[in-house]
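Asker: Construct the complete structure from the given sequences, taking the supplied hints into account.
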Amino acid sequence: MATSSKSKVSEEKFLCVILSDAGGKIVGRTRLHKLTCLLELTGLGNGFDFEYHHYGPYSERLAAAAHMATTLNLVEEEEHQATWGGTYSVYKLLGVSPARANPRRVALAKVAVDADPIELELATTAAFLAKHGVSNPWEETEKRKPLKASDGRLEKAKRLYLELASVKVPKPLPQIV
Amino acid sequence: MARTLVRLLNEQYGPSNKSDKRSERVIAAALLHDVGHGPFSHAFETVIKRLGFINLKHEDFSDQLIRNGEISQVLTKEIGRGFSDDVADIIKSSEPKGMYEAIVSSQFDADRLDYMQRDRLMTGTSHGAIDFIWLLANLKIGSVPITVDNELVGNIDTLVLSPKALSAAETYVVSLFQLYTTVYYHKTTRGIEKIFSEMLFRACDHVRNGRLKASGLPQSHPLVKFAKSPSKLDSMLALDDCIIWGSLSFLAEAKDSVIGEFAKRLRDRNLFKCVDIRQRFASAIGSAKGDDVMVYQKCSQLMLRVDEWKREHPSESHNVLTDEASRTPYKKIEASQGKLGQILVSMPGDELIDLSELSTLVNASKPYRLWRVYLHPDNATVRDFIDRAIKDIANGNKQQIQGQ
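These protein sequences, in sequence, are chains A and B.
Everything in the first sequence is counted per this note's numbering, starting at 97 for the first residue and increasing by one.
Everything in the second sequence is counted per this note's numbering, starting at 1407 for the first residue and increasing by one.
Be careful, since some hints might not be right.
To be verified - With a straight-line Cα cutoff of 30 angstroms, these simulated BS3-like cross-link-like pairs (lysine-lysine) come out: (1) A:Lys227 to B:Lys1593; (2) A:Lys109 to A:Lys121; (3) A:Lys254 to B:Lys1498; (4) B:Lys1738 to A:Lys239; (5) B:Lys1463 to B:Lys1593; (6) B:Lys1738 to A:Lys109; (7) A:Lys121 to A:Lys188; (8) A:Lys239 to B:Lys1427; (9) B:Lys1737 to B:Lys1695; (10) B:Lys1463 to B:Lys1570; (11) B:Lys1634 to A:Lys267; (12) A:Lys239 to A:Lys254; (13) B:Lys1483 to B:Lys1593; (14) A:Lys121 to B:Lys1634; (15) A:Lys188 to B:Lys1427; (16) B:Lys1670 to A:Lys239; (17) A:Lys188 to A:Lys267; (18) B:Lys1772 to B:Lys1737; (19) B:Lys1503 to B:Lys1737; (20) A:Lys239 to B:Lys1498; (21) B:Lys1483 to B:Lys1503; (22) A:Lys206 to B:Lys1427.
Stated by the list, open to error - Using C-beta positions, here's what the derived DEER-type ranges look like: (23) A:Ala197 to B:Lys1772: 30 to 38 angstroms; (24) A:Gly229 to B:Asn1801: 47 to 55 angstroms; (25) B:Arg1413 to A:Lys264: 37 to 45 angstroms; (26) B:Asn1801 to A:Pro266: 39 to 47 angstroms; (27) B:Glu1763 to A:Thr167: 21 to 29 angstroms; (28) B:Arg1487 to A:Lys252: 28 to 36 angstroms; (29) A:Pro194 to B:Val1480: 54 to 62 angstroms; (30) B:Asp1790 to A:Pro194: 30 to 38 angstroms; (31) A:Asn232 to B:Pro1569: 20 to 28 angstroms; (32) B:Ser1532 to A:Pro194: 45 to 53 angstroms; (33) A:Arg255 to B:Pro1569: 44 to 52 angstroms; (34) B:Pro1569 to A:Pro268: 49 to 57 angstroms; (35) B:Lys1695 to A:Val273: 30 to 38 angstroms.
By construction, these hints were calculated from the structure, which means they are not laboratory data.
Backbone N, C-alpha and C fix where the C-beta goes; we use that ideal spot for every residue, glycine too.
Answerer: What follows is the structure, given as structure tokens:
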């Protein structure tokens, strides 16, 4: 895997910036990846490359940065018990952010942090697919995630998408709703 | 392999009227899921990514081929209308709909059970052996929750193991991991892949920017057509391993001397020298631990410094190729988001327990990370730069190295 030449700060430090702009804490690994993906799509990122995995857009480098940040004690990853029997991660920033808060990033992060994680996954997946030339991103999202898209969640994800798209960002999200 | 798994499920759970059709689709999906791979599979996908088509994956080509191409015509004629779309949907879905679909995508899917045995055989390694018969004999169906972080979405059926296969499951985890460290991440394999992708990237980049002569390729070469429209199915279909091997004689004569040199290196197996960065730092700071935080930190620093050096020395940058990768033997449950990505053991009362909770060996496993650089074997400048950078970072000296 090639090292990104676009990095402005080291990737583990940028993870600290994201956490800081998200209020110091992000609940769930999926949420972390989807928020970071949205930051990259909207021109507020640091050069993390995202690829489509089973759980939607996912960045190997972000996963490695999270591991490195916890190893270096920049970030704490707490394991919490989930209602479904497994555990989920909560990422907390230790210390201070290496950069000043970016109000646009803060605004986008606020919507993502408050969102239902399933709807956030669906909305980010649709944005990601649209960005990569899929002409019917919601239909494609439903095809790839039939269970998650059921019970009215796809419609809710579209409403969330509108909320995310309303945040003023350098590169607007694709108009797909 | 897929047929074996279907037979196994039918024996255990009894075929229903619907199961014939479902198993037919699943067998077709298992057979066709990788049909969209380009030449040299994943190595070529790296080239596509570097050309800026980061999300143009073989899965997308497979999807197009199954839904719209010759395959679709054959499936429609032989089996019926809509069959090819059903097969493509099975491959595309990240949520297997039931036990048959788990044969295409699960911890014990047909693909993995097949390649673990085949790659071991074809490379001749003694690593990576699994007790295949015993694993199959102890596969069962379990209902597993689908989740996103702390939220439950629903349940689906997938393949799990009975407790009698605990040792076989441990071996399966360790064997798959060892295939990575000894075969897929072998320093020579990775070194060849680096030269291969650099060479093809440069050639395609020249073509895309109207510098055909610099690439060395003739106008009508399939690689030229691919470089001009990488997302077109026909462009990809025209490529295979033989086309790439055949292109080496053209590429060896390219006006771009790097392409020429790399083509000759691949042809003559005259490869770059591998420097194991992690090993060098571990040795420099006297750490024998494979997961030393300080070693990780220094490797990471060195990679950033190499990137910087390459930007500052563009005419030399092709003489240093970097490589980073990691592999976790077994991801803990949250790391792979829910139980579907786990190896689960069905305990009495049908309770599904994660393998890492039952196996001390699996629970104790830690990620393996590699940091390597591949250097031109006769270039003293790059060798000196790397040696000095390692020494400098190992000593904690923050002074910038100019490298020349």
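Asker: Between B:Lys1772 and B:Lys1737, is the straight-line Cα distance small enough, at 30 angstroms or below?
Answerer: With Cα atoms ~9 angstroms apart, B:Lys1772 and B:Lys1737 stay inside 30 angstroms; holds.
Asker: Kindly confirm whether 30 to 38 angstroms is satisfied by the beta carbon distance between A:Ala197 and B:Lys1772.
Answerer: With Cβ atoms ~35 angstroms apart, the hint holds.
Asker: Between A:Lys239 and B:Lys1498, is the straight-line Cα distance small enough, at 30 angstroms or below?
Answerer: 8 angstroms, holds
Asker: So if I understand the rule, the pair passes when the alpha-carbon distance is 30 angstroms or less; does A:Lys239 with A:Lys254 pass?
Answerer: Holds: A:Lys239 and A:Lys254 sit about 15 angstroms apart, inside 30 angstroms.
Asker: Can you tell me whether the CB distance of B:Asp1790 to A:Pro194 sits inside 30 to 38 angstroms?
Answerer: Check passed, 33 angstroms falls within 30 to 38 angstroms.
Asker: Taking the Cβ atom of B:Lys1695 and the Cβ atom of A:Val273, is their distance within the range 30 to 38 angstroms?
Answerer: Violated, at about 51 angstroms.
Asker: May I ask you to test the hint 45 to 53 angstroms on the CB atoms belonging to B:Ser1532 and A:Pro194?
Answerer: With a Cβ separation near 48 angstroms, B:Ser1532 and A:Pro194 satisfy 45 to 53 angstroms, so the hint holds.
Asker: Please verify whether B:Lys1670 and A:Lys239 have alpha carbons no more than 30 angstroms apart.
Answerer: The hint is violated at about 46 angstroms.
Asker: For a C-alpha distance cap of 30 angstroms, please report whether B:Lys1738 and A:Lys239 respect it.
Answerer: 28 angstroms, holds
Asker: Is the distance from the Cβ of A:Asn232 to the Cβ of B:Pro1569 consistent with 20 to 28 angstroms?
Answerer: 46 angstroms, violated
Asker: Is the Cα-Cα distance between A:Lys254 and B:Lys1498 30 angstroms or less?
Answerer: Holds. A:Lys254 to B:Lys1498 sits at ~22 angstroms (cutoff 30 angstroms).
Asker: Range hint 54 to 62 angstroms: satisfied by the CB atoms of A:Pro194 and B:Val1480?
Answerer: 57 angstroms, holds
Comparing the model with each numbered hint stated earlier shows that hints 1, 10, 13, 14, 15, 16, 22, 25, 31 and 35 do not hold.
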